[in-house]
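Chains as they are written, first to last, in my numbering: chain A, 1 to 185; chain B, 186 to 483.
The set of hints was computed from the structure by calculation and includes no laboratory data. A hint or two may mislead.
[Claimed, not checked] A few chain B residues that face chain A, going by a derived Cβ cut-off under 10 Å, partial list only:
| hint | residue |
| --- | --- |
| 1 | R211 |
| 2 | R220 |
| 3 | Q227 |
| 4 | K234 |
| 5 | C235 |
| 6 | I241 |
| 7 | F270 |
| 8 | F362 |
| 9 | S389 |
| 10 | M392 |
| 11 | S396 |
| 12 | G397 |
[Said to hold, decoys possible] Just so you have them, the derived chain B footprint on chain A, three or more residues with Cβ under 8 Å:
| hint | segment |
| --- | --- |
| 13 | 21-27 |
| 14 | 43-52 |
| 15 | 89-102 |
| 16 | 160-171 |
Quick reminder that beta carbons are idealized off the backbone N, C-alpha and C, glycines included.
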Amino acid sequence: MLKISREEIIDGKFERVLNFFRSRSLWMLYYCTGCGAVELPPTMTSRFDMERFGISPMATPRQADILLVTGYVSVKTLKRIVYSYEQMPEPKWVVGFGSCPVNGGIYWNSYATINQLDKYIPVDISIPGCMPRPQAVIDGLLSLMDSIKKGEAVGYKKYQMNNEWYKKNQREILERTKPVLGGKK
Amino acid sequence: MMEVLNVIGYSFFAMAAGLLYMGIGRKVAARLHRRYGPPVWQCYIDVVKCFSRKSISHNFIMDLGSMMGLSGLLGAAMFIPIAGFLPFPSQGPIIVILYLMPIGYLGMAMGVSASGNPLTAIGIGRALTLMIGYEVPFATIVLSFIAAYSSTSLVSLQAAQAGGFANWHMATMPFGFVAALIALMGMLGKKPFDTMIAPSEIASGPMVELSGKFLGLAFLQHATAIFVETGLFVLLFLGGGSNFLEFIAKQAAVYIVMSSLSELWARYRVEQATKFLWISAGSLALVQLVINMIIGRK
Ligand code: SF4
Numbered sequence: 001m002l003k004i005s006r007e008e009i010i011d012g013k014f015e016r017v018l019n020f021f022r023s024r025s026l027w028m029l030y031y032c033t034g035c036g037a038v039e040l041p042p043t044m045t046s047r048f049d050m051e052r053f054g055i056s057p058m059a060t061p062r063q064a065d066i067l068l069v070t071g072y073v074s075v076k077t078l079k080r081i082v083y084s085y086e087q088m089p090e091p092k093w094v095v096g097f098g099s100c101p102v103n104g105g106i107y108w109n110s111y112a113t114i115n116q117l118d119k120y121i122p123v124d125i126s127i128p129g130c131m132p133r134p135q136a137v138i139d140g141l142l143s144l145m146d147s148i149k150k151g152e153a154v155g156y157k158k159y160q161m162n163n164e165w166y167k168k169n170q171r172e173i174l175e176r177t178k179p180v181l182g183g184k185k
Numbered sequence: 186m187m188e189v190l191n192v193i194g195y196s197f198f199a200m201a202a203g204l205l206y207m208g209i210g211r212k213v214a215a216r217l218h219r220r221y222g223p224p225v226w227q228c229y230i231d232v233v234k235c236f237s238r239k240s241i242s243h244n245f246i247m248d249l250g251s252m253m254g255l256s257g258l259l260g261a262a263m264f265i266p267i268a269g270f271l272p273f274p275s276q277g278p279i280i281v282i283l284y285l286m287p288i289g290y291l292g293m294a295m296g297v298s299a300s301g302n303p304l305t306a307i308g309i310g311r312a313l314t315l316m317i318g319y320e321v322p323f324a325t326i327v328l329s330f331i332a333a334y335s336s337t338s339l340v341s342l343q344a345a346q347a348g349g350f351a352n353w354h355m356a357t358m359p360f361g362f363v364a365a366l367i368a369l370m371g372m373l374g375k376k377p378f379d380t381m382i383a384p385s386e387i388a389s390g391p392m393v394e395l396s397g398k399f400l401g402l403a404f405l406q407h408a409t410a411i412f413v414e415t416g417l418f419v420l421l422f423l424g425g426g427s428n429f430l431e432f433i434a435k436q437a438a439v440y441i442v443m444s445s446l447s448e449l450w451a452r453y454r455v456e457q458a459t460k461f462l463w464i465s466a467g468s469l470a471l472v473q474l475v476i477n478m479i480i481g482r483k
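Just chain A, same shape as in the assembly (with noise of 0.2 Å):
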């Protein structure tokens, strides 16, 4: 990876007013593939209401500022994920859910899933635990919320600067997903 200073990567001071409008309005596009999904119906409704903080969820990726990759991630779904991450409009951020994006999970030695997310996308925040409860989510929305508001969550300006180095993992991954079509390649 290429050595980056502090300086040049945080944000200045006009944009940090910016920035305190855009920790404060998240909005959010979920990528439900994993188990980890299922915690978030009751983060979202009214036992721990994440609309208070102004985060809630958006159909689509363009009007989304969080992708939120619940869980496993299987080496097909990567694609859909690496597309849903490139429509969304700067700034954007990425919070890894649950173990399988960290380290793999329980699914480590699995031929079908990928081990570390954060190197095909950059992860701006992960939330351990197999799956986190709600209060360990909103607790790590809350820390993504201060990151932003100091300007230091910039994962995307780290995905433009390191962006070769993204796509060789990304492409080494989907090498392998190409049919193969009956006996040899």
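Start from chain A and add chain B with the ligand according to the hints.
Leaving out everything else, chain B with the ligand in the frame of chain A:
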């Protein structure tokens, strides 16, 4: 010069008021769900955030359509008198408002369908079908006012309701009132009639491809639409307002009633919604029209 300033100030006021009602509506809905809910100024934060993001424009038509959508509705807002105040002298003609409002919606339709996403086309189709649904009862209500007063001026209609609750059209024209309430529900796209947005079916319909400032403009457009539509309702049936605060309070009350009713029902399919609007609201409005024609001019 003064008029230009008035127009600009009034536009900002209309948008700000609409956003405030939206925030209050969200809070009320949250309380009905037994949630704490976002702060009432959440919608302002959302709009600032939308404008602070990068946005993707597909072509020139998309830019033009979004601007046309907002300006059409702001144009309609210019004819809503608040406590006798209008940005430039007019009588608040309903017919002009009824013409300008569809320009807003058509502008939006043009802008979003320029993106070429098939879901926007479905959403726009549904929105325009629903528009036929609520425009017919609403036009009938306007006709019944013409039958009673032979005037379509909001200023004189407000003056006709002066002097307490008994003179409000809510009390003197109850059928028209209920019909207008149902039609308003359709206009605002509240729950039984939110087929065009339907996030879980067609991924928020017309708004699928809107990012950054386009979404911000759509937000502002919706806010202005809320201002115009609730304002029209207050002026026609709730006696208008003798001062600024009274008018705003009445508008907010109408919007609160709308958003709480919205939590009661599930979503209609688009042809069911149009049918319901025509049969229930349309027939009530027709009854009111016949009554007004029999009673004759006042
Ligand atoms: S971390 Fe646990 S709950 Fe989450 S996707 Fe992996 S196995 Fe499922």
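Here's how the hints hold up against the structure:
Hint status for R211(B): holds, given a least beta-carbon distance of 8 Å to chain A, under 10 Å. Using the Cβ-Cβ criterion of 10 Å, the hint placing R220(B) at the interface with chain A is satisfied: the shortest such distance is roughly 4 Å. With a cut of 10 Å, the hint placing Q227(B) at the interface with chain A holds, because the nearest CB-to-CB distance is about 6 Å. Annotation: interface hint on K234(B) holds; nearest CB of chain A at approximately 4 Å, less than 10 Å.
A hinted interface residue such as C235(B) counts as satisfied when its beta carbon comes closer than 10 Å to some beta carbon of chain A; here the least separation is about 8 Å, so the hint holds. Against a cut-off of 10 Å between C-beta atoms, the interface hint on I241(B) holds, since the closest Cβ of chain A lies about 6 Å away. Taken as an interface hint, F270(B) does not check out: its beta carbon lies about 32 Å from the nearest beta carbon of chain A, beyond 10 Å. About 33 Å separates the beta-carbon of F362(B) from the nearest beta-carbon of chain A, more than 10 Å, and the hint is not met.
A least Cβ separation of about 4 Å between S389(B) and chain A falls short of the 10 Å threshold, and the interface hint therefore holds. Checking M392(B) against chain A by beta carbon gives a least distance of about 7 Å; that is within 10 Å, so the hint holds. This hint holds: S396(B) has a C-beta 4 Å from the nearest C-beta of chain A, less than the 10 Å allowed. Nearest Cβ of chain A to the Cβ of G397(B): about 5 Å, under the 10 Å cut. The hint holds.
Closer than 8 Å: that is the beta-carbon criterion, and the segment 21-27 of chain A has 4 residues meeting it against chain B, so the requirement of 3 holds. Beta-carbon proximity to chain B at under 8 Å applies to 5 residues in the segment 43-52 of chain A; the threshold of 3 is reached and the given coverage holds. Counting residues of the segment 89-102 of chain A whose C-beta lies closer than 8 Å to any C-beta of chain B gives 3; at least three are required, and the coverage claim holds. Counting residues of the segment 160-171 of chain A whose CB falls under 8 Å from any CB of chain B gives 0; the rule of at least 3 is not met.
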